[in-house]
Amino acid sequence: MAATALVSMLPRQRYSVTLVESEEIGIVGVGEATLPQMKNFNDLLGIDEAEMMRSTQATFKLGIDFVDWGFLGSSYVHPFGIHGPPASGLAFHQKWHRAVSEGREWNIEDFSFAIAAARANRFAFPAAGKTTINSTYAYAYHFDASLYAAYLRRIAEERGVTRIEGKVRDVEQDARGDIRTLLLESGDRVAGDFFIDCSGFRSLLLGGKLGVRWEDWSQWLPCDRALPVPTERCGDLTPYTRVTAMKAGWRWRIPLQHRTGNGYVFSSRFIDEEKAREELLASLDEPVLAEPRLLKFEAGRRIKSWERNCVALGLSSGFLEPLESTSIYLMQIAIMHLLPLFPAGRPDDRLVGEFNRRMDLEYDRIRDFLILHYHLNSRDDGELWRYCRSMQVPESLARKIEIFRHCGYIEDYRDGLFNAPSWLSVFLGQGLTPEHHQPLADAIPLERLIAELDELRTDIADRIGEMPKHATFLARYADAEATNPSALHKAEARL
Amino acid sequence: MTDRVGTVAVVGRDAPLWLAAAALQRAFGVTGVRVQAVELPSWLGSVDCYSTLPSLASMHRLLGIDEAKILEAASGVPVVAQRFSNWAKGAPPYLVAYDDDPSGSGDLPFAQYWLKGHKEGLRAGIEDFSLGCACARLGRVPLPPATANAELSASYGYNLDASIYAEALKQLAARRGVETISARIADVKVEGERISSIELEGGATVKADLFVDASGAERVLMMRLPGAQFHSWPDRFPCDRVLTASAAKFRSLPAFAQISAIRGGWIGIHPLRDRTTISAVYSSDTISDQAMVAQLAVLARMPVSGDAVVSDLRPGLLDRPWVGNCVAIGEAAAAVDPLAAVGLHLAQGCISHLVTLFPATAGQMPESMAYNDTIRAFASNIADFTQAHYLLNRRFDDPFWDQAREAPATPTLRSKIDLFSARGAVSLRDNETFSEQSWTWLFLGAGIEPEGFDPRIDLVADRPLIEKVQQRLRTVAELAKRMPSVDQFVGGIDQLEAAGVT
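Those sequence lines, one after another, are chains H and X. The numbering used here numbers the first residue of the first sequence as 87 and each following residue consecutively. The numbering used here numbers the first residue of the second sequence as 8 and each following residue consecutively.
It cannot be assumed that every hint is accurate.
List of simulated lysine to aspartate or glutamate pairs, DMTMM-like, C-alpha gap at most 25 Å [to be verified]:
| id | chain 1 | residue 1 | chain 2 | residue 2 |
| --- | --- | --- | --- | --- |
| 1 | X | 96 | X | 247 |
| 2 | H | 216 | X | 107 |
| 3 | H | 216 | X | 114 |
| 4 | X | 123 | H | 434 |
| 5 | X | 123 | X | 456 |
| 6 | H | 216 | X | 158 |
Hint data in this document are derived by calculation from the structure and do not stem from the laboratory.
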């Protein structure tokens, strides 16, 4: 991602980009779920969406279905969209809350277009303009991360990146401490003015060479293991990721065109690997295609993502568990913050400071949002859940919860991921219903409010009925096997 | 619903009192909330003028105020920009206008194109590319564009006769159903962090579930609460006195307020329809009130007539603008040097947040946490914008101004200046009042020469870049020329039609 973005969005007369990569180092991802920002990134790079989707076995994603999270038997969708129409001053859910307190048994999910479409297994592109309810959502992709990496590598090379196959043996600094040269195992030397560290957990440059300290967040996010396992393609091809809470963590299910990505993210403090493997294999919907392999990690981040002439992206700068599909987003946003600040000569503290400030906000806000999922639960079947319920959360989050609990108010912010609608879906989904609605909601005559909501529900339901099934839409738009017209019929027949 | 807030007492004076009372009544009157205004003696004199930001228009819309009518009544004049003179030795004046940031076009800010052009010899200054600045120079008013997705638009604030404006808001509040008592406060009864009642001179008692302190710098309620502390910023804002006087009206109205730096402070010239308000904001350490009165006409370069009124200025911020069941708005929450015309905007921003965060119950009010965070950030950003003018002055060898240049600034302001100095980019924060463009006009006008620009600008080849720059120059000039003059604007609909503006 970094190589493609830098070669595409930095002027070539001033910068040349070299990629050092080794075939021997495997790619972690088995399948990967993304966020709607992924589409913006691809669009910015001039990537053809349908071609990218075909090349990466991609499907569409409208949100995440959280099963058994708040309590056993519960399910809620965190959608890539809002609840109700856009409004200023008074959030839509305040009106919904008033209707509920007046006796209407309406589920908040019925007022979100994205959720309704996801639940119905349907997909279409959002309507243009901002006037109708079917414009109030965005979408992302599920794709095979290794295929996406290969796809981007091809584009990066076409656009002029020099790729060097090899492993880094050592890193040389100059007298000031800036990184100057990479020594490869082949004996080759790669010199540069600026270095992007995409070396994963090893953080070869930023952590290893420049010694930027790691900040541990595992007291809030105790999961530290994952067991990914691919299974056969699922029949229903849901336009959403499903994440199911387990006794000592949670299990993902990501539908791709050629297979389904699954995995168990768990905390080694609360379950051992063998037991986790058993629980995982017993819970799968489709036949297994390969053995689960264990990944180890730790929640936290390097306290700075940019130090001297080195910026770390992705795992080499921090790790937050994949519950909300934020891994690729964090790489992407780091690249987007880096581009306008990219140094012209030696790195300038003024630019470094701004970049690190922005990345701090990104990490902190995602961290709080993830913790919320664990903290707000009423499960009583696992030590992990009891621990998380009673743990002390960051002050910034504790305050957010307290205000929401009281009156349902959610503060929005300019920078950083997850705006109010995301927080809302998780607050409510995890079982926290505000004690009161905000007084502004009382200013609307009750009959008018009820009629407005009722009309909206009907409007959404009617429009959903007219949308194609996700699998049908996908087969028409970006079937990975579609090399001839008969493939479409084949794809439809398979459904 | 049990335990809802049933009664609100707004205690204060002048426009902030009536804006708050009217806004709360408008939002919650229909739900049965009773809004009472306790009117303290006014601080306004016949010379006073409210200088406002563009945001006031949205408050007027919210309150159902007829903009043209209130402007006419209050001698209102549009203010398209502020013009800063003598803030740097030997440098020409610069304008800070209220250009709106384009909505999500995905393109880089225009200032980046200009910067590259500028480094390669482009002669035209950044003001030539600002619709607001261009209008201000031509004495014209940038009316809102007819289409929502127009590439360029700018907004404008107003100068208003303060007494007349406050009186009009008072009548509006009464019409809306606000009950008013005019009195002085004899005592404030406090239990823990909450106000239980207010006793008025004359013996009446006012009880309410929620109290709003709109008393300005007096902070008549907040100062009785043990949890409220006011932190002043004497080292950041050196001026502690405001002198207000009047001069004759301009024969042809300018579209800007003139803010001229002088030894020991600055002089503001704010045109109204029937007169001109002159204000001097200065440090009593440097100039005495008598000396300022004596020099005013010379410094303002206008004959000054009638009364001159002097008042104290103490910029600073309450660390908790909402304590218990009492909410401070406007100057009671945060006081800022009036240089950037932010006084009423501060009040208005507080009121909007209070309406949004109106407490759900009369008992616990955790909404205060969100209000306090928001107002602190909101006021701090405004104070930063204001201080930047002082901090970036280049009146070398004048002790007052040398000290202002060396004054401490917030890390946020430092990093904004740093980023702009390095790249010509503005990093906006949460709860920001001024647009990216206003910050840009300020930084460039005050003399920051960015060392570089966004490297992505170099992806644009020279020819398209030159064309883009020329195109913008033409568009700004043509648009500005089509706008009505300030005289036509204040002349009303007939004049606008005569000018060919619809």
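Right, here's what the structure says about each hint:
Proximity of residue 96 of chain X to residue 247 of chain X is assessed by CA-CA distance (about 24 Å); at most 25 Å being required, the pair is judged to hold. Distance hint between residue 216 of chain H and residue 107 of chain X is fulfilled; the C-alpha atoms sit about 21 Å from each other, no more than 25 Å. With a CA separation close to 21 Å, the supplied pair residue 216 of chain H and residue 114 of chain X stays within the 25 Å bound. With a CA separation close to 19 Å, the supplied pair residue 123 of chain X and residue 434 of chain H stays within the 25 Å bound.
Between residue 123 of chain X and residue 456 of chain X the CA atoms are separated by roughly 12 Å; this keeps the pair inside 25 Å, and the hint holds. Pair hint residue 216 of chain H plus residue 158 of chain X holds up; C-alpha atoms about 19 Å apart against a cutoff of 25 Å.
In this structure, none of the earlier numbered hints is contradicted; all agree with it.
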